[in-house]
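Engineer: What follows is each chain in one-letter form.
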Amino acid sequence: MSLSQEQIDELTEKARLIRRHIINMITEAGSGHPGGSLSCADILTTLYFHVLKVDPKNPKWAERDRFVLSKGHAAPALYAVLAEKGFFPKEELLKLRKTNAMLQGHPDMNGTPGLDISTGSLGQGLSAANGMALAAKLDKKDYRVYVLLGDGEIEEGQVWEAAMCAAHYNLDNLTAFVDNNGLQIDGPIDKVMSPGIIQDKFKAFGWNVIDIDGHDFSQIASAIEQANNTRGKPTVIVAKTIKGRGVPFMENEAGWHGKAPSRQQASEALRAI
Amino acid sequence: MAKIATREAYGKTLVELGEEIQDIVVLDADLSQSTKTVFFAKKFPERFFNMGIAEQNLMGTAAGFAASGKIPFASTFAVFATGRAFEQIRNSICYPKLNVKIAATHAGLTVGEDGATHQAIEDLAIMRALPNMTVICPADSVETELAVRAAVLYDGPVYLRLGRLAVETIFDENYEFKLGRGVTLREGKDIAIIATGIMVNEAIKAAQKLEKDGIDAMVINISTLKPIDKEIILKAAECGAIITAEEHSIIGGLGSAVAEVLAESKPVRMKRIGIADEFGQSGKPDELLRLYNLTSDDIVKEAKKLKAY
Ligand SMILES: Cc1ncc(C[n+]2csc(CCOP(=O)(O)OP(=O)(O)O)c2C)c(N)n1
Ligand SMILES: [Mg+2]
Numbered sequence: 001m002s003l004s005q006e007q008i009d010e011l012t013e014k015a016r017l018i019r020r021h022i023i024n025m026i027t028e029a030g031s032g033h034p035g036g037s038l039s040c041a042d043i044l045t046t047l048y049f050h051v052l053k054v055d056p057k058n059p060k061w062a063e064r065d066r067f068v069l070s071k072g073h074a075a076p077a078l079y080a081v082l083a084e085k086g087f088f089p090k091e092e093l094l095k096l097r098k099t100n101a102m103l104q105g106h107p108d109m110n111g112t113p114g115l116d117i118s119t120g121s122l123g124q125g126l127s128a129a130n131g132m133a134l135a136a137k138l139d140k141k142d143y144r145v146y147v148l149l150g151d152g153e154i155e156e157g158q159v160w161e162a163a164m165c166a167a168h169y170n171l172d173n174l175t176a177f178v179d180n181n182g183l184q185i186d187g188p189i190d191k192v193m194s195p196g197i198i199q200d201k202f203k204a205f206g207w208n209v210i211d212i213d214g215h216d217f218s219q220i221a222s223a224i225e226q227a228n229n230t231r232g233k234p235t236v237i238v239a240k241t242i243k244g245r246g247v248p249f250m251e252n253e254a255g256w257h258g259k260a261p262s263r264q265q266a267s268e269a270l271r272a273i
Numbered sequence: 001m002a003k004i005a006t007r008e009a010y011g012k013t014l015v016e017l018g019e020e021i022q023d024i025v026v027l028d029a030d031l032s033q034s035t036k037t038v039f040f041a042k043k044f045p046e047r048f049f050n051m052g053i054a055e056q057n058l059m060g061t062a063a064g065f066a067a068s069g070k071i072p073f074a075s076t077f078a079v080f081a082t083g084r085a086f087e088q089i090r091n092s093i094c095y096p097k098l099n100v101k102i103a104a105t106h107a108g109l110t111v112g113e114d115g116a117t118h119q120a121i122e123d124l125a126i127m128r129a130l131p132n133m134t135v136i137c138p139a140d141s142v143e144t145e146l147a148v149r150a151a152v153l154y155d156g157p158v159y160l161r162l163g164r165l166a167v168e169t170i171f172d173e174n175y176e177f178k179l180g181r182g183v184t185l186r187e188g189k190d191i192a193i194i195a196t197g198i199m200v201n202e203a204i205k206a207a208q209k210l211e212k213d214g215i216d217a218m219v220i221n222i223s224t225l226k227p228i229d230k231e232i233i234l235k236a237a238e239c240g241a242i243i244t245a246e247e248h249s250i251i252g253g254l255g256s257a258v259a260e261v262l263a264e265s266k267p268v269r270m271k272r273i274g275i276a277d278e279f280g281q282s283g284k285p286d287e288l289l290r291l292y293n294l295t296s297d298d299i300v301k302e303a304k305k306l307k308a309y
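Protein sequences, first through last, are from chains S and F. According to the numbering used here, the first sequence is numbered sequentially starting from 1. According to the numbering used here, the second sequence is numbered sequentially starting from 1.
Read the hints as simulated data drawn from the structure, not as lab findings. Every residue gets a Cβ at the ideal spot worked out from N, C-alpha and C, and that includes glycine. Worth double-checking, as some hints may not be accurate.
[What the hints assert, rightly or not] Pair by pair, the computed Cβ-Cβ distance ranges are: (1) F:Asn293 with S:Glu13: 46 to 54 Å; (2) S:Lys137 with F:Arg269: 51 to 59 Å; (3) F:Ala2 with S:Glu63: 26 to 34 Å; (4) F:Ala129 with S:Phe249: 41 to 49 Å; (5) F:Glu19 with S:Pro89: 30 to 38 Å; (6) S:Ser2 with F:Ala129: 36 to 44 Å; (7) S:Gly255 with F:Ala129: 52 to 60 Å; (8) F:Phe279 with S:Arg16: 22 to 30 Å; (9) F:Glu211 with S:Gly86: 56 to 64 Å; (10) S:Ser2 with F:Glu87: 23 to 31 Å; (11) F:Lys3 with S:Gln7: 28 to 36 Å; (12) S:Thr99 with F:Asp216: 32 to 40 Å.
[Stated by the list, open to error] Where chain S lies over chain F, by a calculated footprint (3+ residues, C-beta under 8 Å): (13) 71-83; (14) 112-120; (15) 276-283.
[Claimed, not checked] Derived lysine-lysine pairs resembling DSSO-like cross-links, with alpha carbons at most 27 Å apart: (16) F:Lys304 with S:Lys259; (17) F:Lys301 with F:Lys271; (18) S:Lys137 with S:Lys203; (19) F:Lys97 with F:Lys230; (20) F:Lys205 with F:Lys189; (21) S:Lys98 with F:Lys271; (22) F:Lys284 with S:Lys98; (23) F:Lys304 with F:Lys209; (24) S:Lys191 with F:Lys284; (25) F:Lys178 with F:Lys212; (26) S:Lys90 with F:Lys284; (27) F:Lys212 with F:Lys271; (28) S:Lys57 with S:Lys95; (29) S:Lys191 with F:Lys12; (30) S:Lys141 with S:Lys57; (31) F:Lys205 with F:Lys3; (32) S:Lys191 with F:Lys42; (33) F:Lys178 with F:Lys3; (34) S:Lys233 with S:Lys203; (35) F:Lys307 with F:Lys284; (36) S:Lys95 with F:Lys284; (37) S:Lys240 with S:Lys203; (38) S:Lys259 with F:Lys271; (39) F:Lys230 with F:Lys12; (40) S:Lys259 with F:Lys3.
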């Protein structure tokens, strides 16, 4: 079932709002990770506003779908989506990273409603997602588990231990995204530590692999639907994305991985978005 | 005096050493701009190896370099070095006593806004527990340079704890660093403040404040936490009361190390100042230091309490 034009327009508008929040939050905080937050904004928007069964009034609802932001440094994107969804007041967004604030630099599940797990140390999220998916099978529940990984993050060995595990246990209730923006901190992933062909690696580990443009809402939505209809194995959606997407001077620039814009740069960014 | 981060001093010293010693190789895990190994990478690209975001492989590869006669420096954030790659450090580096220098930056709360996941508050405890490991936590840029140089001359595993935040330079060119030796920075008879890392500067400030209140405080810098300088701790014990100060959990770090020495040889009253068995959080470094009671005023307060006892 593809998205109607109306749905696409709605998601486009939401994602625009999310991107504005991301810029405002990071600027106000004076630090944070704009590049990787902007690259996954369309995926998170589609998940939270089209796919996930969640209840902002009841964040711990046992039947809810789970989402694991394994690349925890993209927290601003997730916080913006959660606030727009109504999990907590939007005023919290501008207190990001400040002393005694709710929104920590990296996701803290005990402090922020709507977070299913704490992350920030790369490489650990897929394992946590496996645990959630295994628990669903054990309890015969039909919630689904989604997890988002960075393309640099998959250099961590634990990711491949977890990849093996998910296939071994036939976790067809698990869908992973790789935010394939081609960059990590020290430069292009192919220069720093090439993961090779990501699709082939997951295939070799027994996964169902889908390739998409990670900024195309229809492709994101239909890939998720395809994943949900796949039986017997986990699915990875390798989403080609642009780091810094939406802010021309940040796009494809490794330097915008973990740097806050100045006030002037922020207004330029907001104009572009 | 200009403020310089110990990671900055580390990066600069590495470049000087790279010139002097051809066997030095440097490995990083996608954080070279933050750990400042980027200076070395630019100067000696053929001796710099970016391992990507893969800290276990970082430590394991460093072990292999050391086993082949190189002097590898392995750098990443302290949380990931000592946490993610703990067992590689234990079994591939410490057990065979390989000549690997682990220079871990972004230790302690002064990481700031990145928050608890990135603030190592237990790294000294973990590294101190490993046989064959030497553990150093320099107080400023001057001591960092000397410590890095001493680490290279020493044959065996070394853990260097470095910070992100620019801190005051407290030592001058006459400062002498000896591996395994503490340094008395101020003589005193009423109470001894033993500090490490960024808390050394706070200890000096605290002693000056205490002097105004008629309390004569000795100040000692322990930058080598292991092997620890027992002699200087026993000398400090002559004051009859000891305060330790560290930007680390009160469990397993400097306070524990000093308490271990005192308990077995010369028990005196003491108070450990450090992070009270809890995680950090996001915030400005100086705000966090105040929130977690890691300032000179906190040392003064505890010193007075201890003296009044
Ligand atoms: C275990 C661990 N090592 C290092 C880091 C520091 N770090 C934060 S983001 C990052 C780069 C991530 O690159 P990628 O996964 O491609 O993320 P994206 O490009 O989507 O921002 C690194 C090395 C970390 N958070 N965790
Ligand atoms: Mg990337």
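Engineer: Against each hint, give a clear statement of whether it holds in the structure.
Structural biologist: Hint-by-hint comparison with the structure:
1. F:Asn293 with S:Glu13: 46 to 54 Å: Given about 47 Å between the Cβ atoms, the range holds.
2. S:Lys137 with F:Arg269: 51 to 59 Å: 57 Å, holds
3. F:Ala2 with S:Glu63: 26 to 34 Å: Taking Cβ atoms as reference, Ala2 (chain F) and Glu63 (chain S) lie about 58 Å apart, which means the hint is violated.
4. F:Ala129 with S:Phe249: 41 to 49 Å: Holds: the Cβ-Cβ distance is about 48 Å, inside 41 to 49 Å.
5. F:Glu19 with S:Pro89: 30 to 38 Å: Given about 56 Å between the Cβ atoms, the range is violated.
6. S:Ser2 with F:Ala129: 36 to 44 Å: 58 Å Cβ-Cβ, so the 36 to 44 Å window is violated.
7. S:Gly255 with F:Ala129: 52 to 60 Å: Violated, since Gly255 (chain S) and Ala129 (chain F) (Cβ atoms, about 39 Å apart) do not stay within the stated range.
8. F:Phe279 with S:Arg16: 22 to 30 Å: Because 36 Å falls outside the window, the suggested range is violated.
9. F:Glu211 with S:Gly86: 56 to 64 Å: 57 Å, holds
10. S:Ser2 with F:Glu87: 23 to 31 Å: 48 Å, violated
11. F:Lys3 with S:Gln7: 28 to 36 Å: About 53 Å separates the Cβ atoms of Lys3 (chain F) and Gln7 (chain S), which means 28 to 36 Å is violated.
12. S:Thr99 with F:Asp216: 32 to 40 Å: 35 Å, holds
13. 71-83: holds (count 3)
14. 112-120: As far as the stretch 112-120 of chain F goes, the hint holds, because 7 residues have Cβ atoms under 8 Å from chain S.
15. 276-283: It holds, with 3 qualifying residues against the three required.
16. F:Lys304 with S:Lys259: With a Cα-Cα distance of about 43 Å, the restraint between Lys304 (chain F) and Lys259 (chain S) is violated, given a limit of 27 Å.
17. F:Lys301 with F:Lys271: 11 Å, holds
18. S:Lys137 with S:Lys203: 23 Å, holds
19. F:Lys97 with F:Lys230: 23 Å, holds
20. F:Lys205 with F:Lys189: 17 Å, holds
21. S:Lys98 with F:Lys271: 30 Å, violated
22. F:Lys284 with S:Lys98: The given pair, whose Cα atoms are some 7 Å apart, holds under the 27 Å limit.
23. F:Lys304 with F:Lys209: 11 Å, holds
24. S:Lys191 with F:Lys284: 34 Å, violated
25. F:Lys178 with F:Lys212: 32 Å, violated
26. S:Lys90 with F:Lys284: Distance of about 22 Å is within 27 Å: holds.
27. F:Lys212 with F:Lys271: 21 Å, holds
28. S:Lys57 with S:Lys95: 22 Å, holds
29. S:Lys191 with F:Lys12: Judged against 27 Å, a Cα distance of about 24 Å means the pair holds.
30. S:Lys141 with S:Lys57: 21 Å, holds
31. F:Lys205 with F:Lys3: It holds: about 16 Å lies between the C-alpha atoms, which stays within 27 Å.
32. S:Lys191 with F:Lys42: 15 Å, holds
33. F:Lys178 with F:Lys3: 24 Å, holds
34. S:Lys233 with S:Lys203: Answer holds: Lys233 (chain S) to Lys203 (chain S) is near 11 Å, not above 27 Å.
35. F:Lys307 with F:Lys284: 32 Å, violated
36. S:Lys95 with F:Lys284: Holds: Lys95 (chain S) and Lys284 (chain F) sit about 12 Å apart, inside 27 Å.
37. S:Lys240 with S:Lys203: 17 Å, holds
38. S:Lys259 with F:Lys271: Roughly 40 Å separates the two Cα atoms, so the pair is violated.
39. F:Lys230 with F:Lys12: Status violated; Cα separation ~32 Å.
40. S:Lys259 with F:Lys3: The hint holds at about 21 Å.
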